[in-house]
Amino acid sequence: MARSESFEEFYTGTVGRLLGQLFVVTGDLHEAEEIVQEAFTRAAARWARLRDYDVPEAWVRRVAMNLAADRVRSLRRHTRAMRRLGPAGELPPVSVEALALAGALGTLPVRQRQVLVLHYLVDLPVGEVARTLDMPDGTVKSLLSRGRQALAARLGEAEEVLDPS
Amino acid sequence: MSDLRERFQELADAGARHGRTPGPQAALRRARHRRLRLGLVGVTAAILVVAVVAVAVGTDRRARLVPLAPSGTTTASTVPPDVSILPDPGEVLRPAGSPPGQVGEQMVRDVATEVAGCLNGRLEEQTVLVAWGTAHRRTWLIAANPRPPGNGRLCWADGLFEASGAGGFSNNGALPLGSLRASGSSEIRDGDQYWGFVNGSVTKSATRVRVLFDLGIPPLDIEPIQSGDQFPVNFYAGWYRMPTRDKRPATWQVVRVVAYDAAGRQVAECRVGGPAGNC
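Protein sequence lines, in the order shown, are assigned to chains X and C. Residues 1 to 165 in our numbering are what the first sequence lists, from first letter to last. Residues 166 to 444 in our numbering are what the second sequence lists, from first letter to last.
Derived from the structure by calculation, the hints contain no laboratory data. Ideal Cβ placement from N, Cα and C applies to all residues, glycine included. Warning: the hint list may mix true and false statements.
Claimed, not checked - Distance ranges between label pairs, derived from CB positions:
hint, chain 1, residue 1, chain 2, residue 2, range
1, X, 123, C, 197, 31 to 39 Å
2, X, 156, C, 406, 16 to 24 Å
3, X, 149, C, 370, 24 to 32 Å
4, C, 383, X, 137, 23 to 31 Å
5, C, 394, X, 9, 45 to 53 Å
6, X, 13, C, 429, 57 to 65 Å
7, C, 395, X, 106, 37 to 45 Å
All chains, full assembly: derive it from the sequences and hints.
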């Protein structure tokens with residue numbers, strides 16, 4: 001499919017989708033923009049090889065997911081870096097329900113967020129999620145289960161707050 | 166929860182709609198820029214490598230080009246790092262035997278770019294590939310800038326890559342250097358076995374770094390990689406075997422790292438996670 005694509009065509013056809021996915025994972029539009037652009041820059045450097053992949057988008061998504069996890073990991077481990085986080089990430093206008101979901105996602109570990117996004121948004125089967133994140137199927141299933149439970153609990157609380165009746 | 170997919174899609178659509186990226190030409194320019202600038206570094210490095218090897222042959226220094234021996238206290242259930250470095254990596258920009266092929270070149274560029282990122286993108290600054298190794302179908306690298314930016318900081322970066330060149334790498338220079346730092350990855354699959362990776366910087370007075378884990382994983386002792394006089398710290402890297410699948414949570418298993426000097430005295434310690442986390 002991608003064999004005759006130029007990098008520009010590939011970029012234009014996939015950047016919005018990846019940006020949306022990374023935005024859901026990071027909860028911060030600016031951070032998602034930086035991560036996605038960096039992933040595409042690395043793809044550009046390898047395009048001669050990547051263009052022959054069946055799904056080069058999967059490679060870019062994988063790099064972007066790694067970058068997102070790396071950022072969270074390094075920030076989490078250093079309180080000094082945490083202080084640099086500043087205010088909550090930028091959110092575009094969305095419905096109350098989507099806003100509640102963004103808030104609930106923000107409380108989950110990054111791996112849970114990634115698994116939920118890849119499964120529910122990208123619509124990847126468990127095995128494909130496992131390959132993308134380089135973890136076993138069982139871990140993906142466990143993370144999905146825990147993530148769903150955590151989201152249900154947090155969204156339940158949020159709904160009570162939003163609708164006291 | 167029944168409309169979870171729709172809510173995810175709404176969020177993603179909003180992100181896609183409102184997000185702004187510089188476009189494909191910017192990505193291509195940036196990639197080309199990195200290639201050109203680091204290509205120049207590579208040419209210089211190649212000349213230096215040839216010179217260093219020529220000197221080494223004459224003085225029998227090649228005899229010192231041996232992998233670091235595993236520490237005597239490395240437990241049987243862990244694997245010592247596959248480390249192969251020149252005796253004085255500060256003399257060359259990139260050690261002989263860097264990761265092979267175009268993918269290896271790209272790995273070096275990626276990590277060097279991270280170092281440059283710490284230097285506000287000044288790619289003309291010298292970057293030294295301090296050490297690299299391969300294990301579990303992955304290649305890890307540590308690179309640093311030999312001219313510390315001061316204020317207790319050093320520009321250095323680490324990377325962990327798959328054979329395809331996909332991987333993660335991070336710039337550690339934004340953080341205070343400290344006497345002991347640790348970062349790494351987990352859930353690294355190699356066949357049926359899963360591994361974790363830990364690396365970091367350590368004070369030069371340390372001769373051994375002990376990494377302590379939760380989940381009953383035995384401690385891992387690592388001999389620091391000697392980085393030379395141009396760096397204020399040494400570095401370390403090592404792998405550990407992760408527990409069986411059903412006992413393995415999706416968190417990093419490293420809880421504490423301790424450095425010892427030659428007399429066995431503790432010279433530094435850091436903790437991972439929690440309010441006391443300072444690794």
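Hint check:
Against the hinted window of 31 to 39 Å, the Cβ-Cβ separation of residue 123/X and residue 197/C comes to about 34 Å, which satisfies the hint. One distance hint, 16 to 24 Å for the beta-carbon pair residue 156/X and residue 406/C, is violated here, with the actual separation near 39 Å. Checking the proposed 24 to 32 Å range against residue 149/X and residue 370/C shows it is violated: the Cβ atoms sit about 47 Å from each other. Between residue 383/C and residue 137/X, the C-beta spacing of about 27 Å keeps the proposed range 23 to 31 Å intact.
Judged by the Cβ atoms, the range 45 to 53 Å given for residue 394/C and residue 9/X holds: they are separated by roughly 51 Å. Checked against the hint of 57 to 65 Å, the pair residue 13/X and residue 429/C passes, with Cβ atoms roughly 60 Å apart. Between residue 395/C and residue 106/X the Cβ separation comes to about 42 Å, which falls inside the hinted range of 37 to 45 Å.
The structure fails hints 2, 3 (numbered hints given earlier, in ascending order).
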